[in-house]
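Asker: In case you want the letters, here they are:
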Amino acid sequence: MSDTVPKPARGEPGEVILRFSDVHKAFGKNVVYRGLDLEIRRGETLTIIGGSGTGKSVCLKMLIGLLRPDSGSITAFGQEVTSMKERELLEVRKRVAMLFQGGALFDSMTVADNIKYPLREHNWGTEEQMEARVHEVLDLVDMPGIDQRKPSELSGGMKKRVALARTIAVEPEVILYDEPTTGLDPITIRRINGLILRLQERLGVTSVVVTHDMDTVFTVTDRLALVYDKRIAFTGAPEEAEHSEMRFLREFVKGGKGVLEEDLG
Amino acid sequence: MGFGFFLQSLGEVMILTGQVTRELFRRPWEIRLWIAQLDQGGVQSMSITFLTAIFTGMVMASQFAIGLEPFGASLYTGKLVSLGIVRELGPVLTALLVGGRVGAGFTAEMGSMAVTEQIDAIRALGANPVRKLVLPRVVAMVIALPLLTVIADLVGCFGGIVITMAEVGITLRFGLKQMIETIEVADLVHGIMKSAFFGYFIAIIGCWVGMNTRGGTEGVGQATTHTVVWTSITILVSDFFLTRLFLAIYG
Chain A
4 MSDTVPKPAR
14 GEPGEVILRF
24 SDVHKAFGKN
34 VVYRGLDLEI
44 RRGETLTIIG
54 GSGTGKSVCL
64 KMLIGLLRPD
74 SGSITAFGQE
84 VTSMKERELL
94 EVRKRVAMLF
104 QGGALFDSMT
114 VADNIKYPLR
124 EHNWGTEEQM
134 EARVHEVLDL
144 VDMPGIDQRK
154 PSELSGGMKK
164 RVALARTIAV
174 EPEVILYDEP
184 TTGLDPITIR
194 RINGLILRLQ
204 ERLGVTSVVV
214 THDMDTVFTV
224 TDRLALVYDK
234 RIAFTGAPEE
244 AEHSEMRFLR
254 EFVKGGKGVL
264 EEDLG
Chain B
24 MGFGFFLQSL
34 GEVMILTGQV
44 TRELFRRPWE
54 IRLWIAQLDQ
64 GGVQSMSITF
74 LTAIFTGMVM
84 ASQFAIGLEP
94 FGASLYTGKL
104 VSLGIVRELG
114 PVLTALLVGG
124 RVGAGFTAEM
134 GSMAVTEQID
144 AIRALGANPV
154 RKLVLPRVVA
164 MVIALPLLTV
174 IADLVGCFGG
184 IVITMAEVGI
194 TLRFGLKQMI
204 ETIEVADLVH
214 GIMKSAFFGY
224 FIAIIGCWVG
234 MNTRGGTEGV
244 GQATTHTVVW
254 TSITILVSDF
264 FLTRLFLAIY
274 G
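Sequence order for the protein chains is A and B.
All the letters of the first sequence, read from the start, carry residue numbers 4 to 268 under this note's numbering.
All the letters of the second sequence, read from the start, carry residue numbers 24 to 274 under this note's numbering.
Since the hints were made in silico from the structure, they are not lab data.
In this text the structure is predicted, and so the values were computed from the model without any measurement.
Nothing false has been slipped in among the hints.
Here are the simulated lysine to any residue pairs, SDA-like style, with alpha carbons at most 25 Å apart: (1) A:LYS153 - B:TRP57; (2) A:LYS153 - B:VAL138; (3) A:LYS32 - B:GLY34; (4) A:LYS162 - A:ARG193; (5) B:LYS155 - A:ARG90; (6) B:LYS155 - A:ASP116; (7) B:LYS155 - A:PRO154; (8) A:LYS32 - B:VAL36; (9) A:LYS162 - B:PRO152; (10) A:LYS97 - B:GLU46; (11) A:LYS32 - B:ILE38; (12) A:LYS162 - A:ASP218; (13) A:LYS162 - B:THR240; (14) B:LYS155 - A:ALA115; (15) A:LYS88 - B:GLU140; (16) A:LYS153 - B:ARG146; (17) A:LYS32 - B:PHE29; (18) B:LYS155 - B:PHE48; (19) A:LYS162 - B:SER135; (20) A:LYS88 - B:ARG45.
All chains, please: the whole structure from these sequences, using the hints.
Answerer: Next comes the structure, spelled out in structure tokens:
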């Protein structure tokens with residue numbers, strides 16, 4: 004690639020590009036969603052919060068067809084995802100990339116081969132072009148010179164950043180982050196938050212972030228969505244959430260402090 | 024684990040088989056992945072095959088040489104050993120041992136990938152896990168296990184001859200001649216065809232259990248145990264039916 008500055012996102016900022024309408028999903032008897040409605044607009048960073056095990060990751064996986072909903076509609080760029088065949092989903096997955104919780108790097112491959120993996124699948128270019136792209140994205144996540152290492156030689160935070168490099172390698176328009184900061188130390192958390200912001204500013208990508216981390220919420224979020232009672236119970240700015248009528252939401256964004264105060268009267 | 028679970032599993036394994044078949048006919052073949060699996064599952068299983076076969080041949084010869092003596096039939100030891108090895112013990116013991124080694128390995132590797140979301144990642148990055156992971160393993164085992172069985176047949180018979188030479192006093196020349204006269208092409212083919220089926224069972228069960236692993240590292244351990252049990256049972260049960268089938272066809 005000759006141009007080192009990645010292409011800006013296509014289309015108008017603010018238009019709705021991803022949409023859930025009335026989505027139901029259950030695993031056996033465990034109902035995860037009963038009427039999920041959510042819209043994601045181009046260029047924004049939407050953060051999804053909610054208690055553990057409420058299916059926030061499920062929501063991301065349904066967006067790119069890794070999981071299928073039981074009923075309801077999910078559209079990406081105006082096309083229905085739920086009825087797509089695996090092959091048709093390729094196009095969606097090229098535009099909407101996902102960063103998995105533990106990074107999900109392939110243990111058997113070097114960092115360079117991990118990053119080339121999606122490039123090869125999407126016929127991105129020649130071996131030299133891919134090699135150049137590997138260095139480019141590693142620079143972008145502040146991890147230059149580690150392309151020949153194996154994932155097992157990297158720390159948790161480094162794995163996350165390499166995984167992020169792999170995620171942005173194909174220049175996606177939307178990045179889905181599944182708990183990008185879970186299990187990391189405060190300094191690494193801040194660094195990852197900084198990366199999310201930087202990608203947002205430099206690449207103009209749309210981001211959907213699933214997190215428990217309030218630091219992440221208040222650093223990167225344009226719009227906040229709360230998963231509660233098997234649906235999205237709130238969407239709005241993080242500041243609105245702090246003063247919301249919903250006690251659960253207030254407690255959540257205050258990181259549990261509110262529970263004590265109110266319970267102690 | 025009820026009958027319903029069994030039927031559901033069977034159905035899912037058949038669906039996976041269908042997907043593997045479809046991917047097999049989709050070009051271009053990713054030969055490098057296949058060769059890597061042939062090496063891991065086949066070449067690296069040679070020592071275990073060799074050891075199993077030579078000792079099986081030797082122990083059978085020891086038993087027959089002594090057991091046939093009261094009937095004055097010790098000279099037939101070589102015939103019995105080579106028939107037993109080529110028709111049954113070669114294919115089945117090789118499949119059981121290699122199945123334990125390779126099937127458990129498939130499940131452990133793919134199970135770890137499943138619980139760390141690497142299989143989801145393959146799909147998210149635009150590839151197909153059946154094509155990338157399952158197909159190479161199935162192809163490798165369907166090719167490798169028959170070849171390993173041929174090795175087991177040869178080595179087992181050789182072990183049998185050596186012990187017969189020591190116990191009964193035949194010459195190597197007599198032993199080899201007896202073996203060649205006894206074994207018919209149909210016997211060999213029969214065993215090799217069975218082992219191709221066994222190879223498929225080992226790979227498809229190992230992969231299916233691995234891909235469906237849940238529950239973290241503990242789940243991987245349990246899944247691996249399940250694979251060893253299920254491949255062993257499948258090999259033994261299917262051996263009976265395949266044997267009856269081939270006997271009905273070839274007599």
